[in-house]
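Generate the whole structure from the sequences, applying the supplied hints.
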Amino acid sequence: MIALKRVGQAVLVIALAYVLVFLVLAAIPGDPVSAQLENPQAGYSEAEKAQIRSFYGLDKPVLVQLLISIGNALRGDLGISLSTSAPVSSTIGEAIPSTLALAATALVFALLIALILGFASQSLGEGRLGGLVRSLPTVFLSTPNFLIGLVLIQVFAVQLGAFSIIDPETAGSTAFAALTLAIPVSAQIAQVFITALDTTTALDHTEVALSRGLAPVRVFARHLLRPSLLPTVTVCGLVVGELLGGSLITETIFGRAGIGTVVQKAVTSQDVPVLQAAVVLSAAVFVGVNLVIDLVLPLLDPRLRAPREAS
Amino acid sequence: MTRPVGPAPVGPAPVGPAPVGPDVTRRRLLRGIGAGALGLAALPLAGCALEAAHAAGGSETPEDELTFLISNLDGGWVPSKSAISSYEANVWQQLTDKLVHTDEKGTITPWIAESWDVASDSTEFTLHLKDGVTFSDGTALDADAVVANLDVWAKGRPDAGIAKVGLFPGSTYDGAEALDERTVRVRFTAPSLSFLPTLGYHGCLLLSPDSVARSLGEQSDLAHQIGSGPFVLDSWAASDHVTLVRREDYDWAPPVLGRSGAAALRRITFKVLPDDTLRASAARAHQSDVSYNVNPQVLDSFTEAGFTIEVPRYLGFTHGFRVRTNVAPFDDVRVRRAITRGIDRDEILRTVFTKDWESATSWLQSSVPEAEDHSDLFPFDPDSAARLLDDAGWTGRSEDGYRTKDGTELAFTLYPTPYLTGSVPEAELISQQLGRLGIRVATQKIDVAAYSGKVEDNPDQGLAEVTRSFVDAGTVAGVITADGEDWFALGDSDERLADLAGRVAGTADRTERAGVIDELSQHVLEQAYFIPLEQNVQRIYVQTPELSGITVNAVAIPSYHAATKTGSGADGTGADA
Amino acid sequence: MTAAVLTTGDPSGSPEHAPAGAPAQAGSRLRGLRRLPLTVWLSIAVLLLVLAFSLAPGLFTSADPAVGVPDRKFTPPGWQYLLGTDHLGRDLLSRIIHGSASSMTSALIAVAIGVLVGGAIGLVAGYAGGWADAVLGRLVDVLLAIPSFLLAVVVVTALGYDTRNAAIATGVSAVAVFARLMRAEVLRVRTSVFIEAARLNGGSDAYILIRHVLPNAVRPVLSLAVLQFGLAILTIAGLAFLGYGDPPPASDWGLLVADGREHLLHAPWLVIAPGLVIAIVVLSVSRLSRFIDTERNR
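Chains as they are written, first to last, in my numbering: chain A, 162 to 472; chain B, 2 to 578; chain C, 329 to 626.
Please note: incorrect hints may appear among the correct ones.
Claimed, not checked - With a straight-line Cα cutoff of 30 Å, these simulated DSS-like cross-link-like pairs (lysine-lysine) come out: (1) A:K221 / A:K210; (2) A:K210 / B:K455; (3) A:K210 / B:K165; (4) B:K455 / A:K221; (5) B:K156 / A:K210.
Because the hints were derived from the structure by calculation, they are not lab data.
For clarity, every value in this text was computed on a predicted model and none was experimentally measured.
Now the structure itself:
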């Protein structure tokens, strides 16, 4: 029941995001089709102009356009790009694999970095070195990711020849783009992870387990890592938004042909249908991932079931 | 991911079994695991880098293959449409042949047309075609095929939405006929001196009659464009790449290229990389053989690093501003002249460009045979520029120190052309220079998509940058007259200009026409209808030093038929030489 | 760019925090000040310096940020030009200093919009409850669902590209987090005893809101606002980097990085210097925010 209600809420949020983005974008003055039609060198007659505008549905009031657009979207038709005339679904579809590869790799890297920082924070204690490790997430979060990306390209691609610039979808190139994206994201995961580890370490049962002579790695895995995983998984859902938003700049810097680049192009050419689809897709991914995490977490940890239902 | 790097991964942690207090144990345990984890996690990162390094190192282009980086190939493949694009032309030149070859000086030499006869009044031309030429689909490149191409260049196919070739003298074109399999006669209703040189223009490319007859939609697919050139299409994907492979039975290269038989290179890959910085970085990392259009301000560092920089100049107009004289404040000749004199062209050359660039000497490139040096008509002279502005009444000063007249500030906006690398810093510098005169010049970066609406076709934009090539100076008549492009927005108001333009178009004798063109140039410069900046270099090729044997044509587009990278068949080791 | 997850402002209002660097005790304000950790002092110093840059750039540099000496282009950092010169011979340090005002004001505008609009939404939703809460809650959900940087890009596209609009767009993208925090705070305070008492005494809703609810929510919101100020600097820099801010010769920090990018090969300082300035300022803000946060929870 609760699962069903949550799915319903998620769908509602995505639908509302669709409407909101549509209304915001309706404020853009002009559109690429009209600009093209009004070009005197194109030499369209008034009748032809009207015909083409009505083909794109640009002659109708905004609210009518919205209703038509929702109706089409429900049937799986996302419309056609105003600047390239290609179907929006294929424009977006072609870009998804690139962004997916980037974001997934970045998430893995971010988790790895957070893991390292987490362990280091515990093993180094609260001394000077430990303090340094604990402040790293803030440093990562404060560094603009375009700076990271530019420096990585300059050092690893140009100076060391470690990855291909002209073919940004290769494994090496993707790895470095993902690292760029992962650094600020890892900081957010690390902050939560470290806090959780701190709480767990302070608990007695860790020490008890150790003094009982259990193998250290097992102690770490069972008594430290597992309890800290829950908040960490939750925050992973939240950083999905960062991964998608950050891909805009990362893809630009690395020349990748993903969703971020599609958004960039759509923005400069005022290609509303494409922009709309890309933004709503991002929102849907964010909502979807967090929904899944919400539903799955209680299964992982029985303690979570009761309070969740109560709220 | 194979080579272990960094500290040993976590094993059974080296924690002593000695019974110590729980706190110490925990500390040590955690420390050990932490260090191990650090090393463990460093592995994939380092591994990926190493793997990638191997991949990059191992995939260097073979010596008979060429990688060409270009910012975009999105202009479409309809020949008449892409003809104006300086990007696609790089591909077309390898895929197709032309009737004649026109070189950087405007000299015409044979190609598919072995020879030609010209009637004394320049209204009738007879072309004699080379024997045995075929398109890559096997059909013959004969007189009928040439006629089919000529008709489309001259008139286009308006019913099918296919435009004519802009520079072709289509308005006087009377028709072409095949006299026999290898002879074509072309007739014009008026003297058309520009006909022959235009045949070497990158728009006039020979395609199979089947390709020429296809619909607009089909023509947008490069795979449907069958040429007779030294390379044929292997594969292409929009916004990504075009790959060409050598045509083994090719044997009709123009003699000026200095190579007969098939091309020396086996494969050319045009890779699209829109980002200027990435293109420069890729070139620097030796990931390409040729990188097209790199910011001129970066070029010196490439020269130092041992790269070859080619900056071929086309025949055409210099880089400069055409002025819409009906837009204030440019409706006053004194303001136009003041701007012309307020621009320090030497400073622009020193700052934005390299020593390969030269100052403009007219509004025509100095390589145009008809061009004379008129640089005395637009000297850098800030004092006289200031006097001109004073005379024109711009004597007030605004709060920020800019000139005003009747409460209006002397100000305008420049949109640097996206068709010229370096135009943005150049506009910024011009803004600085004119700022010293008291003119406020804003600069706004703009992309290809928005450029025509904001600048070229916007009647309210006073200054529009010109980057226009031509193969025959007769073209100038068409761009300045009221029934042409009316560059200066004069309509019929300047009778002298209209008269000179008419005489340029109608003269049958080349020497006589040269005199008229010079008179016209002086008039345009005196009236400051055109504000020249520098000799236009629209195509910048950053090349690996190993590459040689490249010939460029009148519009500065390279042919790679005879090109080699050191060691690959430079001396006839190629398969068919 | 980074706004969805925050180190402070846990909606439950009871965040767990890493132990603070300083051993702190409750004491007089003065004693607390003297015990500020060194990093906090440094952060304050950095922010004061940037504030001074913004208010009186002329005090720190005499070079014109918009006009350079073309013949001195690409001068590496040295005594004459501490941070070197750019592609037109303009003093980079001067450009960074003169760009401070715009970068700082933009971030302030963004945070102000976030606090005011988000705060109002949260206040109304939390206090009124019922359908107002439901409607506003959905709106906040939607705003949270769209990746914040993407949302900022969409809004700035709709408004038109310049720095002010980029600031507004950044503010809009931060509305949701403030709304969520404010609502949580209001809910927490609303049920407390003294509010009940005020209500029993016949205080009007508006009066109770302003007199009792708001003051109690100020501290957590302030702490979030400081953190968001840092994030706003990053977002605005990102927008400027992509070309959605004022064009040159403006010298917003993000724009400086974008401009210098082409010259990274041979004049790396043009990217590194403004990039590090952004990082240092944001780092200082974050440190300060974290400090305020730990003080609050003491």
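Hey, A:K210 versus B:K165, does the alpha-carbon distance stay inside 30 Å? holds (23 Å)
Does the structure keep B:K455 and A:K221 at a Cα separation of 30 Å or less? holds (26 Å)
Does B:K455 lie within 30 Å of A:K210 when you go C-alpha to C-alpha? holds (20 Å)
Please verify whether B:K156 and A:K210 have alpha carbons no more than 30 Å apart. Satisfied, since the Cα-Cα distance of roughly 25 Å is no more than 30 Å.
Does A:K210 lie within 30 Å of A:K221 when you go C-alpha to C-alpha? Holds, at about 14 Å.
No hint from the list above goes unmet by this structure.
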